[in-house]
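K.L.:
Residue numbers (my numbering), protein chains in the order written: chain A, 1 to 341; chain B, 342 to 623.
Simulated from the structure, these hints should not be mistaken for laboratory data.
Just so it is clear, CB atoms sit at the ideal spot from N, CA and C, and this is done for glycine as well.
Keep in mind that the hints are not guaranteed to be accurate.
List time: in silico DSSO-like cross-link candidates among lysine-lysine, alpha-carbon distance up to 30 Å [what the hints assert, rightly or not]:
hint, chain 1, residue 1, chain 2, residue 2
1, A, K21, B, K565
2, B, K543, A, K21
3, B, K565, A, K26
4, B, K428, A, K21
5, B, K543, A, K26
Derived list of chain A stretches under chain B, where covered just means 3 residues or more per stretch with a C-beta under 8 Å from a C-beta of chain B [to be verified]:
hint, region
6, 22-33
7, 278-289
Some but not every residue of chain B turned toward chain A, in silico, with C-beta under 8 Å [claimed, not checked]:
hint, residue
8, T390
9, S391
10, L393
11, K543
12, F596
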Amino acid sequence: MKIKIFSIVLIFIIALSACEKLAFDKKIDGSNISTFNYLWEQVGQKYAFLEYKEVDWDSIYFVYRPMVDNEISEDSLFKVMATMLNELKDGHVNLISPFNLSRYDITMLGPVNIDTRLIKENYLFDDYYSTGGFVHTAIRNGDIAYIRYESFADSQITDYQLDYLMDKYENTKGMIIDIRQNGGGYVTNVPMLLSRFTNKDTKIYETQIKTSASENGFSVLESVYVNSNDEKKYKHNVAVLIDRGSYSASSFFAVSTYAYDNIFLVGDYTGGGLGLPNGGQLPNGWTYRFSITRTIAVDGKNYENGVKPDYYVILNPNAYNNGIDNVIEFAADKLLENNTK
Amino acid sequence: MKRIFLILALLFSSLVYAQVQENTFPKPNGNYLGINWGLSTGSVRDMLTSPLFYTSVLIYGDFSYFYIDEQNIFELKTATHNGLNAKLISDNFYVGFQSAFDFKLSLLRNVQSISDNNLKHYLGADIDNYMSIRIMPDFMNAALSIDNVSNFAIAYKAEYNYHKKRKEKNFLGLIPYTTNEKFYVFSGRLSVPVISLYARPKFTNPESATVDIEDPLFKGYSLKAKAFSGLSTDLSVSRILKNGNIIKYGYAWMFATNGKNAINRLEFSHHIIYIGLVFKFN
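The following block holds chain A by itself, in its conformation from the complex (with noise of 0.2 Å):
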């Protein structure tokens, strides 16, 4: 009798280890169709620029949903999808196959403001130096320290290296910080490289996520800011040139640059990026990444489709025939001129 309730107990006890499938929601199967329905719904909840760039993503669907069966190969349906997301117009938004990665490339709104090749032959020259990510040298006599920032993602900046930028520059009139075509990397960068050009708390931006598929669905606003330390500081006026091609992080540097009256933004506007990506997956196993996040800059503004410059200038054809880079000379002159003040 025991021996029979015990294997009583014994046999519910097994029966419910079998019922895990019932608890849990049924799966989502990886047709083509559940596929696209999967991505367009979780754009439609989550991406953060929607309303700001004015897309309609209800239409969207009505256009790109007819493209696609459970027939067509993955290639069409990866076509079919990747421009859906194009429509977006975002750099931060990509469809990741096993065959192929969709993009959408923002420095194509603008033209390359920068000739990498005419820097290095009329301004850099042979003798410059590169400190970390940083290849830097003195132009206009030694008065202007030039600075070319080429990505934000090569490396976590250092003390060291800001020490020895500052230290090494610490008697121009000013500095230029040229980050065209910076296609962004660690955000973390930002305030690192802005707390040397500060001695107070300084507010540079605030940032929401999406948290629902409302207009307004978005989690409470966090400022940023970059605090004081007692780190070497530059104590003249910075010039940051920009282009279409400084993206993301290059885009939170800029539009940081708003909250400080001694930088100034010199060149086109930026690629934007303000947003920050999520990753995620679809239910036939691609992956997929788009923005959730919004940043607003300290005069309030979203500046998601390009930053400002505070002078636009566009690199002139005949200059750059004659081996100059006017956007370059324009913030020396800038600086100079400021500095005679």
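Please build the complex by placing chain B on the supplied structure of chain A, with the hints as guidance.
P.N.:
Using the frame of chain A, we list chain B on its own:
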């Protein structure tokens, strides 16, 4: 001569002791430390980032303290599962990493009215905290997921004592031998979380572009209470050695879900096969 006498006396006394124990089932009593190792497999689906069920293949280990007396079993257990979550789709392999940490406090009390010496029923409660950390590099900024589930559960346990007695046998009818006396405890345990508290991101959080990662990461979390959101079972066979220590073989299973209607649904399960040692220390 005295030494030889002493050795013989000790030997004799231990034999006497063994004989006394032969027909008495040793009652676990006192303080014990246990350690289990095993393999854990299961499923996990985090709808925050993927609609797919991943298969978990994890190494399992736990460390526990028990206090057992006539009426109660008190247990304090910390467990960890570490390994991979993987999904194979059309020859493409998606792999992530998972570490889970489980902390459990449990008190069971013997229900004497329906128990006897061989079959014992226990009822009690568990307080349990389960934390899962998953890393899925393919999800880029959303690669890191941290979830925490705290449970208050009612628990039931049944134990059946089986005494395999010493027997005289013949191998092929020619060679006589004696089988050893062995003591086994067959055990089944069921734990039903009455109320669970899920700490889970309200939305996917790619660090929010702020400088301090910890700050936005946990600000995006919400707490949601859910009743009867999972289940856990444990089936084991324990062999009680003469010195009071225990060798244990078992299968444990648990699952949890924050509900079919949750926007960011989380569903996971673990099936664990383990072997363990339990040491009596006083």
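K.L.:
Holds or violated: the region 278-289 of chain A covered by chain B, criterion of 3 or more residues with Cβ-Cβ distance under 8 Å?
P.N.:
Satisfied; 10 residues make the cut.
K.L.:
Given a cut of 8 Å on the nearest C-beta pair, is the interface hint for K543/B held or broken against chain A?
P.N.:
Holds. Min distance 6 Å.
K.L.:
Quick check on the hint: F596/B CB to chain A CB, less than 8 Å?
P.N.:
5 Å, holds
K.L.:
Against chain B, does the region 22-33 of chain A show at least 3 residues with beta-carbon separation below 8 Å?
P.N.:
With 6 residues closer than 8 Å to chain B, the region 22-33 of chain A meets the three-residue bar; holds.
K.L.:
Does K543/B pair with K26/A here, judged by a C-alpha cut-off of 30 Å?
P.N.:
22 Å, holds
K.L.:
Do the numbers back the hint for L393/B, that is, is its least Cβ distance to chain A under 8 Å?
P.N.:
6 Å, holds
K.L.:
When you check the alpha-carbon spacing of K428/B and K21/A, does it fall within 30 Å?
P.N.:
This hinted pair holds, its Cα atoms lying about 17 Å apart.
K.L.:
Need the status of pair K565/B, K26/A: alpha-carbon distance at most 30 Å?
P.N.:
22 Å, holds
K.L.:
Verify the interface restraint on S391/B: the C-beta must sit less than 8 Å from at least one C-beta of chain A.
P.N.:
With a minimum Cβ separation of about 4 Å from chain A (threshold 8 Å), the hint on S391/B holds.
K.L.:
Take a quick look at whether K543/B and K21/A sit within 30 Å of each other, Cα to Cα.
P.N.:
Answer holds: K543/B to K21/A is near 25 Å, not above 30 Å.
K.L.:
May I ask you to test the interface hint for T390/B with respect to chain A, counting a Cβ-Cβ separation under 8 Å as satisfied?
P.N.:
Status holds, d = 5 Å.
K.L.:
Between K21/A and K565/B, does the CA-CA distance stay at or below 30 Å?
P.N.:
At roughly 23 Å apart (the allowed maximum being 30 Å), K565/B and K21/A satisfy the hint.
No hint from the list above goes unmet by this structure.
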